[in-house]
Amino acid sequence: MQLAGKHVLHAAPTRVWAILMNKDTLAHIVPGVSRLEQTGDHTYKSILDIKLGPVSGSFTGNLQLDDLQEPSAFTIKTQQNSKIGNANAAIAINLTPVGDNDTEIIFDGDVKLTGMLASLGNRVMGGVSNTLAKQFFSNLEKELDKEPAP
Amino acid sequence: MNTRIQVTVNGVQYSHMVEPRLLLVHYLRDVLRLTGTHVGCDTSSCGACTIHVNGKATKCCTMLAVQANGCQITTIEGLSHNGDLHPLQEGFKECHGLQCGFCTPGMIMTAADLLQHNPQPTENDIRHALEGNFCRCTGYHNIVKSVLYAAEKLKEHAVVH
Amino acid sequence: MSTNGLIGRAVKRVEDKRFITGHGNYTDDIILPHQTYAVFVRSQYAHAKILSVDTSAAKEMPGVIAIYTGADLANTNGVPCGWQVNFKNGDTMKEPKHPLLVADKARHVGDAIAIVIAETKEQATDAAEAVTVEMEELPCVIDAAKAVQPGAPLVHDDVPNNKSFDWTLGNPIEEVNAAMDQAAHVTTLEFVNQRLVPNAIEPRSYNSSYDPVSEKYTLYTSSQNPHLIRLLMCAFVLGIPEHKVRVISPDVGGGFGSKIFHYTEEALLTWCSKQIGRPVKWTSERTESFLLDAHGRDHVTKAEMGFDAEGKIVALRVKTYANLGAYLSTFSSCVPTYLHGTLLQGLYTTPKINVDVTAVFTNTTPVDAYRGAGRPEATYLLERLLDLAALEMKADPAELRFKNFIPPFDGVQQPGYQTQVALQYDSGNYEGVLKKGLEMLGYADVRRQQQEAANNGKLVGVGFSTYIEACGIAPSAIVGALGCRAGLFESGHVRVQPTGKVSVYTGAHSHGQGHETTFAQVVADKLGINLDDVEIVHGDSDSVAFGMGTYGSRSLAVGGSAIIKSIEKIIEKGKKIAAHKLEASADDIEFASGRFTVKGTDKSVGFGEVALTAYVPHVYPKDLEPGLDFSSFYDPANFTYPFGCHIAVVEVDKETGKVSIKRFVAVDDVGNVINPMIVEGQIHGGVVQGIGQALFEGAEYDENGQLTNASYMDYCMPRADDLPMFETASQVTPCPHNPLGVKGAGEAGTIGSAPAIVNAVIDALWSGGHQVKDIRMPLTSERVWNAMNS
Amino acid sequence: MIPATFEYEKVTTVDEAIAALSNDDTKILAGGHSLIPALKLRLSRPGKLVDIGGITALKDIKEEDGEIVIGAAATHADIMYHNLIRTHLPFFTEGASTIGDIQVRNYGTIGGSIAHADPSADWPALILAADATIEVQGSSGRRGIKATEFFTGLFSTALQPNEIITAVRIPLPADGTKGTYQKFAQPASRYALVGCAVVRFADGKTNIAFTGVGENAFRDTGAEQALSGKPINDENLTAALDAALQNVDVLGDHYASVPYRRHLAKVFLRKALLEVK
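Protein chains in written order, with numbering that gives the first Met the number 0: chain A, 0 to 149; chain B, 0 to 160; chain C, 0 to 789; chain D, 0 to 276.
I should point out that these hints are in silico values taken from the structure, not numbers from a laboratory. Possibly wrong hints are sitting among the right ones.
[Claimed, not checked] Reference excerpt, derived from the structure (chain A facing chain C, CB under 8 Å, subset only):
#1 LYS22
#2 LYS50
#3 SER81
#4 GLY84
#5 ILE92
#6 PRO96
#7 LEU112
#8 THR113
#9 GLY114
#10 SER118
#11 ASN121
#12 ARG122
[As the list claims (entries may be wrong)] With the Cβ distance kept under 8 Å, some of the chain B side facing chain D (calculated, not the full set):
#13 THR2
#14 GLY10
#15 ARG20
#16 ASP29
#17 THR42
#18 SER43
#19 GLY46
#20 LYS55
#21 GLN66
#22 GLY77
#23 ASP112
#24 LEU114
#25 PRO118
Beta carbons are placed, not taken as given, at the ideal position from N, Cα and C, and that holds for glycine.
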């Protein structure tokens, strides 16, 4: 499943970058994080609790920020396992400065689903991934609001 | 924690302790051993498990046994009285409305609900009413005829009384 | 032979009473004493190495009795393939092991990794969740044409290019190419005959038990052929003596081919029942059915049909990639070959035909026979080409067919028709069914209505399909020569009870076809007794001598013929008993209407009295054994070849692309008809499965090998409100080589209907100026809309 | 398919239900037609279910203070067969008849459907077009949520975790109001591939709501503005179709890609508008 889109944030790329690279803020941004444990450089073990209406799933897995080109590009890679199916994603993220103090984030990647998520989720999975992407950006915006620019 | 339920099924009262997660269809099949009600899918789509709860057709794979506490239930086994076939049962036999028979109980119970609300359905009414029941054998043609037959029978019956 | 007119009558079915009152007895209805329940741990990946399986937590869960993994079954065979096809160069097909539980790697989503057995279904389900499997995902391949490309991931490490075999049939390709080059017009179609999920409404269910005292196993199975399951499981998989296994197929809720095959779960449950000393039951959940019941079709084909200037077909060239899925299912190898390639003559006099098939492994659910099996693929190909050629050449599709039909032949006065692709047709009157179909349709009126509709901006189309199929499967010698590892005869045992009541034991198995009625009609008719006095017994290996089961529209043509042979023996013996009683010579005894009569006299004795005498032989011929009980085996001389004409009228909604079926006319010739009501019912059901393929159904895999529509919420099955009432009629051209003259009706509808519907949609689009060659099945609204708007 | 274990409590009053909801591992069980399938597939595993099927007051359908009040536990069939609905909100009768099948309509409830907020459910579009208010009750009391503020995303609503829906209130339509629901069903599930509900008031005010198109049902204010107070003629119809679906993230799936679904939505909007003309 393709996951692509863009979003404009009111902050410069360097600030956005710093927040995404910070373990503590990252934990607030990735939807559903209940635990994020650093295991290496930009490599984490995670537990995510995703709730969407009647569907809830606890995912365990890892999260990795890869191909780092500060402050303009990186790839989020994640493998998440749950009783209702596994998700495996690689999403390339590009940060482009817009004007003086804005950043356009363009994301494009692929999400691979297995199990019930793949076989029964077709009707809503597009919506689910969009919703999670939206949550990601709204959480990111909240983080940016929290921590005024120095 | 198990919960006590009391139900009346085909006129007989039962009382059992059940796990809350027990589906009504499994209660009927595995506990009461009324195996005429079938399970054909996981998604409330196929209609093979259709029974009547308090007189209304329902897919009992989508109902917990605990929800049926205090209810009046009719299954296919309880549709005929004193050995006389229900007009729908007769219709399915007369019009070859079944082949492998697996969907048949659900089909009949759904059609019975239709005839309660609409005693003289058209072909289209019947097709629309049966949209929640799969049959893989008959192509529905003879099922539609079977329901029309039953409606006709019921009408004659009503005139006689 | 005696008759009482029961043959040919629309007798109401005797089996119905138990089904309409809820007293059917399906495998999942059975709970044995000390029953246990199994749940599987299955692969979520299409292709993945198994790194570890941890069952320790699950074993501690409440109610768990045992958990087995692939490692526990390392010394057990896999399930076999029943048909050996050879490569063009003579090499044996590649036949990798299909293990009961996989230990090394999973090759399709749903491959079984572990079995969990517990006291209740609930406990087994909970414990299966607690089994932890570590897997390393491998690249996978889904598409058959891509799987043979160099560098494609290998489903089986020891099968190069994923190729199970390649195969060809017909005239030498050079001759076909030459004829094609000379053609005045060539119609070319590249298309996909999509993958279908059979979806019998009863999910597969097995319940196996072992008795340590008698050392005997009993397996209840939702199978179309219990004896075949016993043979394969005993001889090929588990190595247990056949006489120590009883296999029972009680009521079975539809099969459509998917319940022919010997599945891993049958053997595994049987193996487990001995390990734990208790009966083990497993019933497939619908999601599992989607992932595991052998799928049907899945051909990628390029087909070309050449015509001369007069519209006569001069050549047919076909190249097909057949997707077999991850393993060879029981009859998978013969479907794209001997059940497909051999039918490419169709009803036409095509002089040069060549078909080339490459059969390929992929990381998908195994593919095997599904209603029609090979023949729908052949028919779809031919009939789509014919209608498309008519559009391209601005010819009438009916006229084009009349021009190319094989002339009528009865197989008695005129010989059978030898095709270019191995088969010899038994008897046929192909123009007859089309003529009748056109009449029923009111063809000229329908074309006029189509024109009017077009003038009003509406898209109405008419589509044809004149099909032939080969059924009554099949002469053992022929199928043996072609690689079948079994015989395809049938047994029929007729036991006359002392009171003159009759029990019939057949190796055919009814799962909706109505054998308990049709077979009883045949027996009662031939013996001149009441229908109620005949009981048909099937589906139990302990009571039926042997059986090859029900598929390929074979039950009446083959199984019915075996019964006829036994009846003939009974009448012959009855004549001897009657002659003795009537003090006449057996040669002078006639049997009619249930009475043995001395020719030319009024001296007679009834069937019941003869039966009683056979069992109370006080006054009895000296050299005759007591009893009236005969068993016979019948091996057919040829396939039977039903045929017919299906015509669809559809309307396509311009705004949405939605197709609605306005009319569906079917004229089928299935030879002699024993029970027209049942035959018509078979046709209706078959037609709808074909319509399902044309408009609604299709397994959708994503590029990772996940079946993304594995439930009824997404896999669309035809429902009552999708369909019209059907207009059906029959023509009768008897089969010349079996005693009943019957051909078979189970698959006809499915074979005929799909191309008629697709042709009608294409015709509708052309009527609106959209000259579309093909739309991929199923013709969803979006696909049709795209075809109109691209 | 067997759900994971859970505790079960049957309540007879709304207050009891709210009290039981204090634990956020608890789910409300009404008709169960959205929840039980998810439980069976173990896509949902609440620790406890609170069955509100016994709260008879929630099943009422009545006229009150110029409004039609539909109790949250009224089933689709209850609504479909109710004379009050047939008289005042005939397009609810029409809409309800397209939900699921007989069996589902007999036990599925309007409250359950709305709370579930499936992106393709029928009720959300119908109640949005009807200017409905959703009456909810929670530990901090009662409140009404306008339908336009209720559906907040995919399976997401403005309902707080400790609140339950008690009723749907629809202002009695004035004479001359026309409504319709036009649905193109997903052929397998029969959910709306697109569903369009339109209510046209005597003064020309036009409410247009879609379901099945985006992540949640919504009112299409662009299309509404193009028509409100204006006659439904070719020109205004075209303007409404052009204005429709601005800034909507249209969903795509097996049965309808994004462009096709966008096209269908406009086809069914057009049908609906012609119906209320």
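### Query
Honestly, which of those hints from before does the structure not fit?
Violated hints (numbers, rising): 1, 2, 3, 5, 6, 14, 16, 22, 24 and 25; every other hint is consistent with the structure.
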